[in-house]
Amino acid sequence: MSASVPTATLHPPKRGAISIRGITRIFTGSTPAVDHVDLEIHAGEFFTLLGPSGCGKTTLLRMLAGFETPDEGKILISGKDMEDVPAHKRAVNTVFQSYALFPHLNVEQNIGFGLRMKGVKTPERKKRVNAVMEMMQIGQFATRSAAQLSGGQRQRVALARALVNEPDVVLLDEPLSALDAKLRSELQIELLRMQKRLGMTFIFVTHDQHEALVMSDRIGVMSQGRLEQVGPVLDVYEKPRNVFVAEFLGLSNIWPITPTGPHSAASPIGELGIAAPLNGASMAMIRPEKIWIYNDTAVPKDRANLFLGTVREAIYMGASTQYRIELAGGQSVLAFDTNNQAAERSWRPGEPVAVELKPDNIMLISP
Amino acid sequence: MKFLSYIAAGAIALGLAAPAAHAGQPTLNLFIWSDYIDPGLIKSFEAQCNCKVVETDYESNAELEAKLRAGGDSQYDVVVPSSYYVPELQDEGLIQTLDHSKLPNFTNLATKFQNPDYDQNDAYSIPYQWGTTGIVYDPAKIKDPGTGWGLLFDPKMNPNYPFVIPKGEGRDQIGAACAYLGYGFNCSEKSQWIAAAKLIEQTKKRSNFAGFVDETPARDQMKSGLIAAAMAYNGDIGQCYGDGSCKSLKFFLPKEGAEIWVDTMAIPTHAPHPELALQFINFILDANNGATLSNFNQYASPNAASQKQLSGILASKLLNPSPEEMQRLVFLAPLRGAQYKLFNQIWTSVLQ
Amino acid sequence: MIPRGVRYALSGISWPLYALLYTPLALVAYYSFAPAPNEAGHSLHAYNLLLHDGDVFSALRRSLILAIGSAITSTALGTLLGYGLCRFRTPNAKGVLAHIPSLIIYTPIIMPSLVFGISELIFFNLVHNATGMLGAGLETMIIAHITFQVPYVALTVYARLAGLDRYLFDAANDLYANGLKSFLYLIIPLVQPAIIGGFMLGITLSIDDFTISFFTSGPGSVTLPIYIYGAIARKGISPEINAIGTLMIGTIILLALIHFFITRHRDRAGQFAARGSIS
Amino acid sequence: MSGALKTEQEIEAGRQRLRLWVTSGPGLVWIMLFLLIPSAVLLGIAFFSSDDYGAPVLPLSVQPFQQVAGYSLLGWDPGNITIFLRSLGQAGTATLVSAALSYPLVFFILSQREDLRPLLLLFIVLPSWTNQVVRTYAWLELLGPNAPVSWAAHLLHAVPPDLGLAPGSFAVTTGLAYNYLPYMIVPLYASAEKLDWTLVEAGRDLYASGLRLFWHAVFPQTLPGLLSGVIFVAIPAFGDYVVPQLLGGDKALMIGSLIANQFTETPDWPYGAALTIIMLVFTGMGLVGFRILTRKLGGAEEVTI
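These protein sequence lines are chains A, B, C and D, in that order. For the first sequence, the working numbering gives the first residue as 1, with consecutive numbering after it. For the second sequence, the working numbering gives the first residue as 1, with consecutive numbering after it. For the third sequence, the working numbering gives the first residue as 1, with consecutive numbering after it. For the fourth sequence, the working numbering gives the first residue as 1, with consecutive numbering after it.
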């Protein structure tokens, strides 16, 4: 990903495409908050910046919005260099974590604020505000003040306030984090539909990997100011580049390996057959749901990467059960098993089992 | 926001209206003892000079001096210091010499008030009014006032009824105490001053001492019955005899000696309108105006030409001390230089 | 929380204390209705005198010019000051320099008004002697009053701004408002209660003050408090003085109550603005 | 690279500084020009000699401070020390009185319905919004000669006939306490409002009497507010001018009047300036002392810039 191809110069830039080149931001007296980040975001994409708090994702977003000035590097939005374009002149709108609704204005006025500042005349403004309010189903709150709204309603107003300006890009800074779980998953879907319908570029910042997986076209995972991996959701989850990405996006089993042949390597749990070319890789990873569990009485024959062990822990999670299985060598393996059989069929701690790590499912990662 | 702009508009209107009323007119800033000029006189002077008179009041020579010191010498046009203060203000460079060619009415002054000891050739000051300082008491409460300063300084003569002593610059008070102690009103020895100061300090500790209150306010407290004895100017008492508001009060000049004084008109060194000031002084020196002034103030007039028109109490013994009384009346000697400083420190220590 | 017995005891102590707080003021009002000399009962005699007293009216006019004029200026200076310090000061700045604005702001609040007044007296005197400008009078009084009001206005505005969700400023910026437009359409309306509050505070402080006015006044700049003080020092308390006092007390109480009930309604929206921030 | 990085930050920091100065500059400069410089001049005057008429002249001298210590042309005099102690005493008594009155008032307000509390608080603060002179002279009506209270005091043989309780020390203390009561109540109320009542409930089992409960469970929690109140009352009361002037009758000078006299009645500017310095030093020491004490005790929250 680090190879930044200057696409903008080769093809006519599309409205809403973003090109970030070598962006760095250092707050006085600390390590860089954003450290030489290169990133291409396609027009009309739902792109998520994912990372733990303090990883620099919000700072990156604020630089896109123009609230922060990069110390180094360039940002191009719709092909235009943003260096001398202040926040109030960028065709970019933000939905803030706290919503930042203006307390002295009612819903309608809040939504119309941007158009009013742009100098859009009242009749036209009214029309567009009404259209957006209808789309967001908040028309009945038009004259209420922000104080009189629930969290979900405020969220919709904040989004409407951004969308009504028909910006090239909408930036969303953890907009759902203050909501309860149920409302949150409803709004995730709604947000996604809205984005697909309008075709605007959405850049979504979150620390919640489920949210990222559910909503995004592509994800950029950040850590300590650097982009660890950028790619389609599936790639990032299934083929993480390194330990950080693997661990941040869900549970995983990770072992150091020493290649012993073109498709085999030594690991703490024993010799592993691996389908992918090793090329000197030093770590291997497998997701728990990719591990097969068998009764020790029904172990299939002639399979690679079969290990015997004992169930030490079984956590029932409804749709699946998470097992910790201690292998003969004393190493533990995390594995999920779908609860697609009668409840009695699950294993209990102490039961002897066998686990199979299919060579195709083992991914090679860097440390 | 509307609210603020209304207020702003209101304030601007007020502010504009204020100076607009007298725009273009010169202003004479008169700094004078309270209740010491007939408002009617001010009106007629305003009419005559086509100017505006702004009167500001003070209660003691000390206050006058302090204000002149703190920049007043370039803000006031006419001030009215007492005779013994004229040399002091002159030493400090706070008042200017007068151009007698602008004062044709000067000849109206009685000769005995011309060329006084405190101001050779009337170079800095022109007499305004003159009078005496004595004791006023309430005979309903004090049955035996005696004839001397003991009414104020002897606890046996008035053990109960509240009385006051002026605050001022201390000259009258130390003088009175000196006189009571037998040093004479015009005592000038350091040891005499200190003895007098000790006496006043003791007096201050008496339970019926009601505080330091200057003469004119004290007169008003007497009128309302708050206090029973105080030092007073004869004219102040004449004034309230005249309007009937203090008929029952009695005034006397203590036997040990008391002060006779002349209040004078002077022009501060950097007065903004010295021409107007001279015009005002000349206006007061006019025979008719001098009479009006005294008839209002009930103080004796140094203006010989005015005497015929003086009415009522002005002819009384109160304002015209008998030759026998004149014997014990003294002009306070001006204090100069180090003496002034020493006296001030003594008086300050009394007030503490 | 508080046991019932204690509650009764507290009421038993407090109501008389409340009464005591207002007794002197009530007496002022009571004596203002004293009859004219040689009459009996109560009358509006003193108020009638007031109506025809030109000195009182010019003192009142000067007091109003002083209060409103100084409050307007100090509101402008103080609002900008509070705004600037809240928005543009480098956060967590260390060192002596960073504390200078705070020191400057707190000095007028801490300094005893007597020292304040005398300092101004001497300073204006020096300036006047040197340049001929700033002779003691209404002008110098206004300057002095502005000086002691500015910090209070700044603190009021600062407290309001500091309590706001800081992302509101970003949001306005994001929605195409430049610095000036944010100031006009976001900050001014949001801070308006604080600005009005600061303005009212300025007026109150100006009307309350005597000491500083006293030392900075000059020829013909007698304001109401100076007039009252002078009259009391000269003649003691008269029904006329009581009448002025009564009118002043009444006006202040009335204005305070009106302000109180107006702001109580409006504050509900204000509280939300302060609570809106998360994190 | 690092060069470009530095300039970018510098430009931004410079812009920020410019905005800071454009907005807060006028106010700060105003205060500097019309208060800090004047008070520096005043304090500077204390180091000059005074001429015969009390104006400051060269050479520089410590004589004003000797005068403050009581040495004058008359030799040593304890007058200033008396005035000083008297001012401390008056201010201290006024502070004690207002603190003693504030506790019942504050808890009374807290025992009322929540929506009534601001109004009750307002009625305590209201008198302090009328003019200093008016609310001070109002006490003359109550304590002056012939007034009902003075009459009662006379019947009890506390004062001689016709003299009244004002002017005098009693009236000054009363006036100071009345003037500065709100400055005690407001911070005390702020800290009492945040009182942790669970501690009080817990203490109810431990302490037999209500007074001990108050002393051990309530009082320590209100201490930060009380200390702020003490600062807000004691400091201005110490240097007050109007109250002693109107209610003291010049019988017992306080430091404020003493200083003012050096600029009004018996001018001696250097001496007055030296007195001012001493007063400010004491005020400052009191302020710092109480702040240290407050911080040690957990500290009261204030709006700080």
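Hints listed in this document are in silico derivations from the structure and should not be mistaken for laboratory results. We put the CB at the ideal spot given by N, CA and C, even for glycine. Where hints are given, some of them may not hold.
Said to hold, decoys possible - Within a straight-line C-alpha distance of at most 35 Å, the following computed DSBU-like cross-link-like pairs (lysine-lysine) qualify: (1) Lys156(B) <-> Lys143(B); (2) Lys182(A) <-> Lys74(A); (3) Lys341(B) <-> Lys143(B); (4) Lys235(C) <-> Lys156(B); (5) Lys235(C) <-> Lys255(B); (6) Lys102(B) <-> Lys190(B); (7) Lys141(B) <-> Lys251(D); (8) Lys250(B) <-> Lys194(D); (9) Lys181(C) <-> Lys118(A).
Said to hold, decoys possible - Every beta carbon over 10 Å from chain A, so not counted as near; a handful from chain C, in silico: (10) Tyr8; (11) Asp53; (12) Val127; (13) Tyr185.
Hint-by-hint comparison with the structure:
1. Lys156(B) <-> Lys143(B): holds, 13 Å
2. Lys182(A) <-> Lys74(A): violated, 39 Å
3. Lys341(B) <-> Lys143(B): violated, 40 Å
4. Lys235(C) <-> Lys156(B): It holds: about 29 Å lies between the C-alpha atoms, which stays within 35 Å.
5. Lys235(C) <-> Lys255(B): Distance of about 29 Å is within 35 Å: holds.
6. Lys102(B) <-> Lys190(B): violated, 43 Å
7. Lys141(B) <-> Lys251(D): Roughly 23 Å separates the two Cα atoms, so the pair holds.
8. Lys250(B) <-> Lys194(D): Outside the cut-off at roughly 65 Å; violated.
9. Lys181(C) <-> Lys118(A): Measuring from Cα to Cα gives roughly 11 Å; hence the hint holds.
10. Tyr8: It holds; Tyr8(C) is separated from chain A by about 39 Å at its closest Cβ, greater than 10 Å.
11. Asp53: Consistent with the label, Asp53(C) stays out of reach of chain A, its closest Cβ about 46 Å off (over 10 Å).
12. Val127: With a cut-off of 10 Å, Val127(C) remains clear of chain A, as the shortest Cβ separation is near 42 Å.
13. Tyr185: Tyr185(C) not clear of chain A: closest Cβ-Cβ about 7 Å, inside 10 Å.
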